[in-house]
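Student: Sequence:
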Amino acid sequence: SSASASLRAILFLQQDRCNEIVPLLDRKEIMRRLLVTLIKPMVTAEWWTKEMDVLERVMAEVPCYVMRFDRTGEIVRHLEELAQ
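Residues in the sequence shown are numbered from 84 upward in steps of one, following the working numbering.
It should be emphasised that the hints constitute simulated quantities derived from the structure, not laboratory data. From the three backbone atoms N, C-alpha and C, an ideal C-beta is built for every residue, glycine too. Among these hints, one or two may not hold up.
Heads up, simulated DSBU-like pairs for lysine-lysine below, C-alpha to C-alpha not over 30 angstroms straight-line [to be verified]:
1. Lys123 to Lys111
2. Lys111 to Lys133
3. Lys133 to Lys123
What follows is a set of in silico ranges between Cβ atoms, one per label pair, in the way DEER data are often shown [to be verified]:
4. Lys133 to Gly156: 36 to 46 angstroms
5. Pro124 to Leu94: 33 to 43 angstroms
6. Arg154 to Ala128: 18 to 28 angstroms
7. Val105 to Glu129: 14 to 24 angstroms
8. Glu164 to Gln98: 18 to 28 angstroms
9. Cys101 to Pro124: 34 to 44 angstroms
10. Ala143 to Glu103: 39 to 49 angstroms
11. Met142 to Ile122: 38 to 48 angstroms
12. Arg100 to Glu129: 41 to 51 angstroms
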């Protein structure tokens, strides 16, 4: 689709015994978590520079959270609250 939508949040998933969505404020931790999501085919210095610029912009504009959840489905309530 050619339609676009703004990115309202990034959730880093963590299976746990509780259900909560916790703001992630540590910029180093956010960068670490974002870096491991990159697919790195043919990495060049230019590619890294471009990717780092994108990640810096994402960190500045998009709130990040750790979503801890169990298998009960109770996390849905927290997701609904976040979406409001």
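Student: Run through the hints listed earlier and report the numbers of any the structure violates, in increasing order.
Tutor: Numbers 5, 6, 7, 10 and 11 - these are the hints that the structure violates, sorted from lowest upward.
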